[in-house]
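Based on the sequences and whatever the hints tell you, model everything.
2 protein chains.
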Amino acid sequence: METAKEVGASALWAGFNVQMETSANVFREAASLATQIQGETIPTDKSDTLSMETTLRQPVGPILSIVPWNGTAVLAARAIAYPLVCGNTVVFKGSEFSPATHALITQCVQEAGLPAGVLNYLNSSPDRSPEIADALISAKEIRRINFTGSTRVGSIIAQKAAQHLKRCLLELGGKSPLIVLDDADIDAAVKAAVFGSFLFQGQICMETSTERLVVDEKIADEFVAQFAEKAKRLSAGDPCVTGDCIIGPMETVSPNSRERINGLFKDAIDKEPQLPAAAWPNVRSCRPRSWITSNPTCRSTMETRKPSGPITVVDSLQRETEGNSHCTTRSTP
Amino acid sequence: METAKEVGASALWAGFNVQMETSANVFREAASLATQIQGETIPTDKSDTLSMETTLRQPVGPILSIVPWNGTAVLAARAIAYPLVCGNTVVFKGSEFSPATHALITQCVQEAGLPAGVLNYLNSSPDRSPEIADALISAKEIRRINFTGSTRVGSIIAQKAAQHLKRCLLELGGKSPLIVLDDADIDAAVKAAVFGSFLFQGQICMETSTERLVVDEKIADEFVAQFAEKAKRLSAGDPCVTGDCIIGPMETVSPNSRERINGLFKDAIDKEPQLPAAAWPNVRSCRPRSWITSNPTCRSTMETRKPSGPITVVDSLQRETEGNSHCTTRSTP
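From first to last, the protein sequence lines are chains V and U. Quick note, the first sequence lines up with residues 1 to 333 if you use UniProt numbering. Quick note, the second sequence lines up with residues 1 to 333 if you use UniProt numbering.
Quick caveat, the hints were computed from the structure, so don't treat them as lab data. Note that this is a predicted model, so its numbers are computed, not measured. A couple of the hints might just be wrong.
Just so you know, same-sequence chains aren't split out, so a pair can sit in one copy or run between any two.
Simulated pairs of lysine-lysine, DSSO-like, Cα-Cα distance not exceeding 27 Å [what the hints assert, rightly or not]:
1. Lys230 <-> Lys191
2. Lys160 <-> Lys46
3. Lys46 <-> Lys191
4. Lys140 <-> Lys166
5. Lys46 <-> Lys230
Below you can see the structure in the form of structure tokens.
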């Protein structure tokens, strides 16, 4: 419920993520690494001596983990569990948009019995966040940086880390395509596509999410029709009131989400006026729902930017002539 | 001879490095990787299905390799061979201080039969180098950056790469210590220490080089006396005339080397007036030779900056009480 209030997560998304089921598994899986952290014995080219090169993997010290609000619990669990299991301490900078959820996760982990100082939680108002991240990255005590979030901010974090020659591990936005070939089980493909496109309002970028659907042109019309029909039936609501809605609000975190998503959509239509839109209900409503476009050209911003919302591009392709090139675009910073 | 002229390499260093013996072995070893580039089959937690995750390692495209003048041939070989063996093409930016040597290496590799465009060489005057590196890192065609050089420039390269979210592989300056315990064979240790400290005027940072000697106090006096004696006998000269000299000139590449090294030395003496200097011949000569200091304190710049010259710090330590802490300082950007 905390997470429904903070980030508009429906019961479906909370069930996958926030209620600690998946997150607890992350800790269990991470724990299994503890005895698997191996160094190496490396051969040398001095065959006539007993010389030997040996590497050891050792903890480096405090890790700064910065996580977003969208995979609220599971991304926090990952950013905490793995550094700890490898013997480091963690400075966990929670998202400004889900401070209560991230504080709760910290509390759960600390109550499991960590010594003082091993897991350190902090949060801030959104306007002070860049300044605080900067100070932490610059601090000589921080040895590595782990960031999950937008491509734009990831590039800034990486630049600051590079200034101090600190390694960073980034998980940024993607444009992950779902490819549907002409021999696919269309029902199953539509089901997976709807799930991947609209889970948590399309605001995630994990293995279950998809930003683009690339469909063989032989089945594209049939696929798009079924996809639109299913998408239109997704229930929208306020998860604090109706937890079983599928599409929750986006304005909880980003008040300008509606304008941004409508802007992307309008941009696509402006550039490709004959764009066959299978369904675009509620474009002007307060709460965006599911929209589908097919065949916007590369001129459209929507095709290269991660929309982070309930909007999906369908490309149909001629399998023989176009190959994989449709699937290689990536999110731009 | 080209390399003696360009970077002041003696026959000893050239023999190890520049005459393509070591470099040819780098290509042979890299070639053996070609059939060892493996993806992975990753287990999933869906035990009741046939689902499977498979990763493939694929070439990414053009790699920018920027190399320094100090490991003239061997560092160039490494920066060319490994990306090529992994199926990429290489834009090889040679050092401004060894353009002829780097052009020669490129020519050798190209004559081995590479198709056009696979290995691309460029060089420039020193003043245009930052601008050219910047343009190359920004170019969308360049996918990865490989840089060997100073810590300071490495940080700049990493920041530019981060701006475009391009991965880079950096090998920068170190403060690699040679540790001599009280049961060491002192003759052998002195021999290794002199080799590691003064090969190519101490301007390298490879496994054979050492920036600091950490010696157990029980044998420190004896070690320093022998080290100083051996160091004083190293012959200095111009390798274009006397190829068998050990210490060549540094001014070929950096006209201000003498002032810089003398400054580091003076700084150490100023901060620690009672510094027992075992040998510092020719401080004011045109051509610096071998200097040794023992026990400068942490206040001294020389202890944390990579000197890139024939100057070496000897720390004596009490093994039981001080442990490894002496060996963990690193080069600062």
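To see whether the hints hold, each was checked on the structure:
1. In this assembly of identical chains, Lys230 and Lys191 lie within 27 Å of each other by CA distance solely inside one copy; the values are 8 Å within and 78 Å between copies.
2. Neither within a single protomer nor between protomers do Lys160 and Lys46 lie at most 27 Å apart by alpha-carbon distance, with minima of 41 Å and 39 Å respectively.
3. In this assembly of identical chains, the alpha carbons of Lys46 and Lys191 lie at most 27 Å apart only when taken from different copies (18 Å versus 60 Å within one copy).
4. In this homomeric assembly, Lys140 and Lys166 come within 27 Å of each other (Cα to Cα) both inside a single copy, at 10 Å, and across copies, at 25 Å.
5. Taking the shortest Cα distances, Lys46 and Lys230 sit within 27 Å of each other only across copies (26 Å), while inside one copy they are farther apart (66 Å).
Going down the numbered hints, you'll see the structure goes against just number 2.
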